[in-house]
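J.: Model the full structure from these sequences, guided by the hints.
Here the protein sequences line up with chains A and B, keeping their order.
Last residue of the first sequence: 111 (the numbering used here), numbering continuous.
Last residue of the second sequence: 1112 (the numbering used here), numbering continuous.
The hints are simulated quantities; they were obtained by calculation from the structure and are not laboratory data.
Treat the hints with caution; some may be incorrect.
Each pair of labels, with its calculated beta carbon distance range [to be verified]:
(1) Ser110/A - Thr1007/B: 28 to 38 angstroms
(2) Asn1071/B - Ala78/A: 40 to 50 angstroms
(3) Ala78/A - Gly1016/B: 51 to 61 angstroms
(4) Ala1053/B - Gly1/A: 33 to 43 angstroms
(5) Ala78/A - Gln1017/B: 46 to 56 angstroms
Pulled from the structure, derived: some chain A residues nowhere near chain B, Cβ distances all over 10 angstroms [as the list claims (entries may be wrong)]:
(6) Thr17
(7) Ser18
(8) Lys68
(9) Asp84
All C-beta atoms in this analysis are idealised placements derived from N, C-alpha and C, irrespective of residue type, glycine included.
Chain by chain, the residues:
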Amino acid sequence: GDSVTQTEGPVTLSEGTSLTVNCSYETKQYPTLFWYVQYPGEGPQLLFKVPKANEKGSSRGFEATYNKEATSFHLQKASVQESDSAVYYCALSSNTDKVVFGTGTRLQVSP
Amino acid sequence: NAGVIQTPRHKVTGKGQEATLWCEPISGHSAVFWYRQTIVQGLEFLTYFRNQAPIDDSGMPKERFSAQMPNQSHSTLKIQSTQPQDSAVYLCASSFSSYEQYFGPGTRLTVL
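T.: What follows is the structure, given as structure tokens:
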């Protein structure tokens, strides 16, 4: 079945430094890829999605490129802020309603 | 748009009691999903409905857990004879199309 593997957390960074959260996936279908973010006390919310291979998604300074050849979808941000502290989930959906989520990466940004 | 509504936000039960969790999906959304979230296991898929019909319950524990969607405006997750290991945040999500899911804030269940 489909699966997603992402960087294990927690990831601790100082404000202004760069972030990369690795995500790789396995599927026999053609997936739509997502990054979700979850803040304390809330449910996950969509950060952005990319339905097409070799395209980039972005939101709030975060971006990720759907690399079909490498089956990767790494999340990046050039300069993190304390308000980015949250749990980040890589996810995929391949022609079904279900979304397969990774295990989540907790990011803690210190001022 | 109020988003996905989950009630109650917090529930405390004694071991062996029943717990019923409620979810009101976003109006017009045709799919409803239930997940369980713990520190150890992360986000676990439980079950989902499309147009009120159960489609996939592969994540549901075989005993004590059941889910229903009697109408398009709400779904329930019922846990009978709750056990301490059932303590978790239970999340409901709904979607309309393009696979994007909208999550509620979750119900934190604590079983003493």
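J.: Each of the hints needs a verdict: does it hold here or not?
T.: Verification of the supplied hints:
1. Ser110/A - Thr1007/B: 28 to 38 angstroms: Holds, at about 36 angstroms.
2. Asn1071/B - Ala78/A: 40 to 50 angstroms: holds, 47 angstroms
3. Ala78/A - Gly1016/B: 51 to 61 angstroms: holds, 53 angstroms
4. Ala1053/B - Gly1/A: 33 to 43 angstroms: violated, 22 angstroms
5. Ala78/A - Gln1017/B: 46 to 56 angstroms: holds, 50 angstroms
6. Thr17: holds, 26 angstroms
7. Ser18: holds, 25 angstroms
8. Lys68: holds, 17 angstroms
9. Asp84: Holds, since 19 angstroms exceeds 10 angstroms.
The structure is inconsistent with hint 4 alone, although it conforms to all the rest.
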